[in-house]
Amino acid sequence: MDKTSVSYCIDPDWLPYEAIRNNQHVGMSADYMMYIGVLADINFMLVKTKTWSETLAKLQTGECQVASMLNASPEREKYLLFTRPFFVGANVLVSDSEQGFLQGYENIGEQMLGTVSNYRQAEYVKNYYPNIKLKLVETELAGLKSLASGEIDLFVGSLLSINAQIQKSGFSNLRIAGIAEPQDMLGMGVAGNDTELLARLNDAIAQLPEWVHVDIYKQWNNVRVIDEIDTRYIWGAAGIIFCLVIVGIWRQIIVRRYNNALLAKNTQLQALQNELVDKNQRLEFISIRDPLTAMFNRHFMQERLEQEKQASLRNNTAVCLILIDIDFFKAVNDQHGHSVGDTVLQQVAQIVHSTIREMDVAARWGGEEFVVLCPNSALDDAIQLATRLRDTISQFMFSKVGHITCSFGVAQNKETESFREWFDRADKALYQAKDGGRDAIFTAK
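Read in numbering that gives the first Met the number 0, the sequence shown has 43 at position 44, and its numbers run on one by one without any break.
These aren't lab readings, by the way, just hints derived from the structure by calculation. Beta carbons are placed, not taken as given, at the ideal position from N, Cα and C, and that holds for glycine. Be aware that a few hints might be false.
Label-pair ranges, simulated between beta-carbon atoms [unchecked claim]: (1) His-337 x Asp-438: 21 to 29 Å; (2) Gln-206 x Lys-444: 31 to 39 Å; (3) Asp-193 x Val-400: 51 to 59 Å; (4) Glu-305 x Ala-205: 12 to 20 Å; (5) Pro-290 x Lys-399: 20 to 28 Å; (6) Thr-316 x Asn-126: 24 to 32 Å; (7) Glu-53 x Thr-386: 50 to 58 Å; (8) Asp-438 x Asp-341: 17 to 25 Å; (9) Ser-6 x Lys-413: 35 to 43 Å.
With a Cα cut of at most 27 Å, we get these calculated DSSO-like pairs of lysine-lysine [stated by the list, open to error]: (10) Lys-329 x Lys-427; (11) Lys-167 x Lys-144; (12) Lys-444 x Lys-427; (13) Lys-444 x Lys-308; (14) Lys-57 x Lys-125; (15) Lys-77 x Lys-125.
Generate the whole structure from the sequences, applying the supplied hints.
And the structure:
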């Protein structure tokens, strides 16, 4: 395929995800587009914008063919097609230090919530929580300033960018107050109805190896922001120098006191920053992971299944679902205790992770049930994978239990059915496998 030139726009002020600095595109999306451009044989050309609203306007007019990194939403789907997501991140609620932990939007009550205009969170809150008092701002920095000054009670934004802004701007009185739904499922947006370009980008994204995702995350999650120089310190330093010239005898005392105070403040600030980064990382992990097995959790998988279903309809590709249930798991708990049962669940999770393909996604659905999503896979491919899983599990020697088996239900998505109908067919196939004697694979009709 010939090399193609494609124009694109970004959010000019959303680090570490993306930004324009010194007229250059920087951030996580810049690194992703470099790899995607090579894999798709595309030459991406940046169209510079000053605000996110201007970026969305240029996408609607077609001046930008692609948006580099954004969430899908009902409003955006009116003028954009969306690739499969290549980065998942948490959204968080931010408050002052006196606010207790919040379990999502339901507990906001009469408090004023701020978010960035034209971000997906603004559209989500308006659609699903219309009673929340909402104030729209131009940027996340403007929202955090409004929160610090008391103009609003809470602010919602992406965890990584919020963390970067707090470190850069020194909002010492602000804290993460809770996880906000939904998660960021960030992919690329294609303007108009260019299905050929969409398919080309999806193919490239599917080829991204895991080390690319890990390398980009590590690089941009640990970025340290260099504070801008405050001119007040310049004048203060000049005054100190003048005083030292006049009263030389006090020079060593003043310098020693100044350096000790500065060192103590820097040490305290670094400790607070390290603590904030550590807590944010734990919150992000907890929001999408099952605590026992470290697999993706049910909430994450439900969103991913919905997205892959929509992607399969747009791209006319097959996608399959495998449900896995451990046979006679109740007997394991009854005979050996729940701690042994937990170990069995962890070992099954490890087998699933080591057996599935790189493009597949696995999650613990609940109890002893697991789910594997197989993008770009026909029914025969999913059955082969289920067979490998069944054989590997049945041959494994589990701690204190010995051999166990699992039952499998496999279903390929139909164009005319909903996500729930698709899942129910796989679930029925699973129970047919149970009723048929277990240690079996049944396919949905």
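Consistency of the hints with the structure:
1. His-337 x Asp-438: 21 to 29 Å: Since His-337 and Asp-438 have Cβ atoms about 23 Å apart, the given range 21 to 29 Å holds.
2. Gln-206 x Lys-444: 31 to 39 Å: With a Cβ separation near 33 Å, Gln-206 and Lys-444 satisfy 31 to 39 Å, so the hint holds.
3. Asp-193 x Val-400: 51 to 59 Å: holds (53 Å)
4. Glu-305 x Ala-205: 12 to 20 Å: Given range 12 to 20 Å: holds, Cβ gap about 18 Å.
5. Pro-290 x Lys-399: 20 to 28 Å: At roughly 22 Å between Cβ atoms, Lys-399 and Pro-290 fall inside 20 to 28 Å, so the hint holds.
6. Thr-316 x Asn-126: 24 to 32 Å: Given range 24 to 32 Å: holds, Cβ gap about 29 Å.
7. Glu-53 x Thr-386: 50 to 58 Å: Once the Cβ atoms are compared, 52 Å apart, the range 50 to 58 Å for Thr-386 and Glu-53 holds.
8. Asp-438 x Asp-341: 17 to 25 Å: This hint holds: roughly 22 Å between Cβ atoms.
9. Ser-6 x Lys-413: 35 to 43 Å: holds (37 Å)
10. Lys-329 x Lys-427: holds (20 Å)
11. Lys-167 x Lys-144: Satisfied, since the Cα-Cα distance of roughly 12 Å is no more than 27 Å.
12. Lys-444 x Lys-427: Judged against 27 Å, a Cα distance of about 10 Å means the pair holds.
13. Lys-444 x Lys-308: Holds - the C-alpha atoms of Lys-308 and Lys-444 are around 18 Å apart, at most 27 Å.
14. Lys-57 x Lys-125: Holds, at roughly 24 Å.
15. Lys-77 x Lys-125: Status holds; Cα separation ~17 Å.
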